[in-house]
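Generate coordinates for the entire structure from the input sequences, incorporating the hints supplied.
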Amino acid sequence: MAISKIWRAALAVGLALGGLPAAQAQSWEETVAEARGQTLYWNAWGGDEGINDYVAWVGERLAEEYDIELVHVKLSDTAEAVRKVVAEKAAGRHADGSVDLIWINGENFKAMKDQDLLHGPITPSLPNYALIDVAANPAIELDFTIPTGGYESPYGQAKLVFIYDTQTVSEPPASMAALLDHAAANPGRVTYPAPPQFLGTTFLKQALYELVDDPEALLLEAGDNFDAVTAPLWAYLDRLHPVLWRDGKDFPSGDDALIRLLDEGAVDFALSFHPGKASSAIAQDLLPDTVRTFVLAEGTIGNTHYVAIPYNAAHKAAAMVAANFLLSPEAQARKQHPDVWGDMTVLSMDRLSEEGRAQFDALPRGIATLGPAELGPTLPEPHPSWMTRIEASWLERYGS
Amino acid sequence: MAADAAPPDGSRRAGFLRLVPGLTLAVFLGPVAAGLVGTLLPAFGFLPALGGEAVSLDPWRTLAEYPGVADATLRSFVTGLSATAISFTLVALFCAAAYGTRWFGRVRAVLAPLLAVPHAALAMGLAFLLAPSGWILRALSPWLTGFDRPPDLALAPDPYGWNLVLALVMKEVPFLFLMTLGALNQVPAERSMRVAQSLGYDRMSGWLKTVLPRLYPQIRLPVFAVVAFSVSVVDVAMILTVTPAPTLGVLILRWANDPDLTLQFQAAAGACLQGVVVLAALGTWIAAEKAAASLGRIWIRRGARRMPAGLNAAALGGLCGAALLGVLGLVGLTIWSFARRWRFPDALPSEWSLANWTRRADQLAEPLMTTVWLGLASAAIALVLVLLCLEAEQRTGRRPTNRALWLLYTPLIVPQVAFLFGAQILLVGGGLDGHWIGLVWAHLLFVLPYIFLSLSDPYRALDSRYARAAACLGAGPWRIFGRVKLPMLLRPILIAFAVGFAVSVGEYLPTVFAGAGRLTTLTTEAVALAGGGDRRTIGTLVVLQGVLPLALFALAAVTPVLMRRATFGREG
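So the protein sequences, as listed, match chains S and A.
For the first sequence, numbering that gives the first Met the number 0 assigns the number 399 to the last residue and increments by one with no breaks.
For the second sequence, numbering that gives the first Met the number 0 assigns the number 571 to the last residue and increments by one with no breaks.
A few of these clues could be false.
[Claimed, not checked] Pairs of lysine to aspartate or glutamate, DMTMM-like flavour, derived with a Cα cap of 20 Å:
1. S/K248 <-> S/E395
2. S/K248 <-> A/D151
3. S/K248 <-> A/D70
4. S/K248 <-> S/D237
[To be verified] Quick partial rundown of chain S residues pointing at chain A, CB under 8 Å, derived from the structure:
5. W44
6. G46
7. N51
8. D76
9. A86
10. S97
11. G187
12. L285
13. L394
[As the list claims (entries may be wrong)] Computed beta-carbon distance windows for the label pairs:
14. A/V275 <-> S/S26: 55 to 65 Å
15. S/P231 <-> A/A354: 44 to 54 Å
16. S/R238 <-> A/V275: 33 to 43 Å
17. A/G429 <-> S/S26: 55 to 65 Å
18. A/G29 <-> S/E59: 55 to 65 Å
19. S/D226 <-> A/A25: 51 to 61 Å
20. A/L22 <-> S/F225: 51 to 61 Å
21. A/W351 <-> S/E59: 48 to 58 Å
22. S/A234 <-> A/I285: 47 to 57 Å
23. S/R396 <-> A/G50: 26 to 36 Å
24. S/V70 <-> A/V275: 33 to 43 Å
25. A/A32 <-> S/L362: 54 to 64 Å
Hints were generated in silico from the structure; no laboratory data involved.
Where is the CB? At the ideal position from N, CA and C, for every residue including glycine.
In structure tokens, the structure reads:
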């Protein structure tokens, strides 16, 4: 199948570029002991109540188990944390930095790694990292095709899903082409967030995968082939934009905005990177219980998110303990709970104890959440260079 | 100022007090100047931490090449100047039409509370009112409009910026009106009006021809502050302009937050450009002042006694309309804070709930606490400094020069982003980013000028014979200050404190930069949600944003009454 071929190609590229350096000197027991009594500043996107509640729960557990006080530094954009570390480096604060742990992936990770702003590699030191079967799930060490090199520790997987209301749409589109047809037949009822918002960029990448002749080109750095490869995407958007919501002259800010528009009846579809989003929105009275989730037949883009520790973090030990705790079956199962976050675990079920597996088996699934089989194939993220250039090109074409 | 105006021994006894005004200005303006340099250097390519080690024009080149920069710059310029012109015209016409009538007091009673509500809260109220799925269309649908789904129209936010202008007018009209009220005490308005009316001028033409020309110089600085603020505002623009058609300020904040760190240079250049745009807007305004003055002189010389009929109704209508939109929007969001389900096109929620308040209480608590202590701390520090400055002025007999007043206004006229960008690097260097000290300092910059504005006139207006009488009874200057002046000025002091608190509650950009995301207030949380967040949560945040300053104003109004009652109760 084409998809597994894409993943194999991604893996080959990744292995050629990376590989894990040796483990740290300090033993895990020493790290845990050092972490006691530390205050941990976790810089994490704070725009979702369910996620904020989860972070608060992690804080309670870290306090109980390890005597660590967790402070959630709520970001509206992860780049804020990156900037903070850069500013600290600029000011010569090479130790005792204000950011201990960052929820990170993709562009932000690349920016920090490229500028040597990260502590690590950290994953070789984390006992719970053994619960991930990396050989069976190589994508876990490829963050937007960039090898993680152990400088960030995974803690969840996301996948693009679509949400619709069964009261307004009877047959949801199964491809990007069908989505265009729906938009043409129902002008003003389809929209997506404007890039560089990550969901908007993901929507473009999703379209790109379906429209390009050779998806494997997307795994390598974009070069002179950019115009040729992306030409079908712009042709598609040129047809889509005139029939978009607000004629494509305004865009929602993200999945919460889309869910509000879907609830109001302004649009027919919402997008989300959380497969459990529809169910959790129903539970929070943000959507009617007639909404359901769907994915496209040929698969949708998925990626992994991570935590990383800045090179100058003041409380590295506490950050390590937190990263390890986030990989525990307890923390992962809670994260996957549809009422909490509804994210997919990064752990490999066959590496877990009976007890650990039981925690996942016991999870309920919301009425609007698709099962693992129904979620369909996962497409890998293209190399970040594609994203950067597509965002710039999009801005030039449709920016104002 | 003549030294003989000072009380005997004043200048010698004032001691450290003499240094306070200069010190206050230095504490404030030093970091502002340093912040400006910190913005200017990266704008010309110099920021070694990010690999910028040579001076170059590259940031300006990338800035100029960025799609839509010219449009955004023009949008900032036009919306800011329009909002100022409309606000000023409305206030001037209203004052002309209503001066000396009962409308004057009534409108003041409505506008003063609106001034206390943060810009962002009013903007979000307006957004809910005018949106395609907003309250007005909900009330009219489907019975009148036939809509059972929101129409696909860019009503609010909009791509042209008229919502931005409207929101600014809603907020600047009360500000300019209250500034005008204060200034009216300093010009012989009543006498001029009596003379004008005895010569046959009607109320409006009399006021515009005799009072306004003398009044305007008194409110010129506040008007300049309005121009600068409106041209560079970020939070209101984020709420009310559409994503692809932002203002320059919004673009700068986007770049400053971009994961691609090379955009920091472009952001710095943008922040400098913002400064240029403000200067250009002020220049345009000053040119318009000159034109208006010469046209006005011709108009006055012609001697027409009557204004066109309907003009006073239009001024009153415009003013009340703006106030009504403000109040309705806030009411709408208050209802949201008690809603469980409120779908289009229901005019009211279909299900009600207290859960927005109870279930989210702990999430609200943190920004609420930060907002409260930050407001109290910055207002208290600013109040002490302002009182000491004013006392120093009375004892030394030296009134601040015009230039000193301009310096005080600097933080209100230099666009915030222009020095906050550089100041952030300073704060990081001092380890004060995201620290309460840095945040309080950032707020002080904006709180202090407003407290000074609010308190200087009542302080100077206090009859000096009280102090002299106390001195004759043997009281020293500090005793007079503590036992005579402060108690007599309790009401204006408390009101000035409430003004400072309200300013602090509303600050967005200084909180974002100095708070470094670690310290958030009701305003930063609300603006973060404005784009598409849960309206129920927005409702709770906006209610708190409005209630806090209003509560403090209410306390300021009630406390002196209660204290007087307690005093007279005890003594009588």
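Comparing the hints with the structure gives:
1. S/K248 <-> S/E395: holds, 13 Å
2. S/K248 <-> A/D151: Holds, at roughly 11 Å.
3. S/K248 <-> A/D70: holds, 14 Å
4. S/K248 <-> S/D237: holds, 13 Å
5. W44: S/W44 check fails; min Cβ-Cβ to chain A is 10 Å, beyond 8 Å.
6. G46: Holds, about 7 Å.
7. N51: The hint holds - S/N51 has a Cβ within 8 Å of chain A, the shortest such distance being about 7 Å.
8. D76: holds, 5 Å
9. A86: holds, 4 Å
10. S97: holds, 6 Å
11. G187: Since the shortest Cβ distance to chain A is 3 Å, the answer is holds.
12. L285: It holds, given that the least Cβ distance between S/L285 and chain A is near 6 Å, below 8 Å.
13. L394: holds, 5 Å
14. A/V275 <-> S/S26: 55 to 65 Å: holds, 58 Å
15. S/P231 <-> A/A354: 44 to 54 Å: holds, 47 Å
16. S/R238 <-> A/V275: 33 to 43 Å: For A/V275 against S/R238, whose Cβ atoms are near 40 Å apart, the range 33 to 43 Å holds.
17. A/G429 <-> S/S26: 55 to 65 Å: Violated - the Cβ-Cβ distance for A/G429 and S/S26, about 37 Å, lies outside 55 to 65 Å.
18. A/G29 <-> S/E59: 55 to 65 Å: violated, 44 Å
19. S/D226 <-> A/A25: 51 to 61 Å: holds, 57 Å
20. A/L22 <-> S/F225: 51 to 61 Å: Between A/L22 and S/F225, where Cβ atoms are some 58 Å apart, the hint holds.
21. A/W351 <-> S/E59: 48 to 58 Å: Check failed, 31 Å falls outside 48 to 58 Å.
22. S/A234 <-> A/I285: 47 to 57 Å: holds, 51 Å
23. S/R396 <-> A/G50: 26 to 36 Å: holds, 30 Å
24. S/V70 <-> A/V275: 33 to 43 Å: Roughly 40 Å apart at Cβ, these two residues keep to the hinted range, so it holds.
25. A/A32 <-> S/L362: 54 to 64 Å: Distance hint for A/A32, S/L362 holds at roughly 58 Å.
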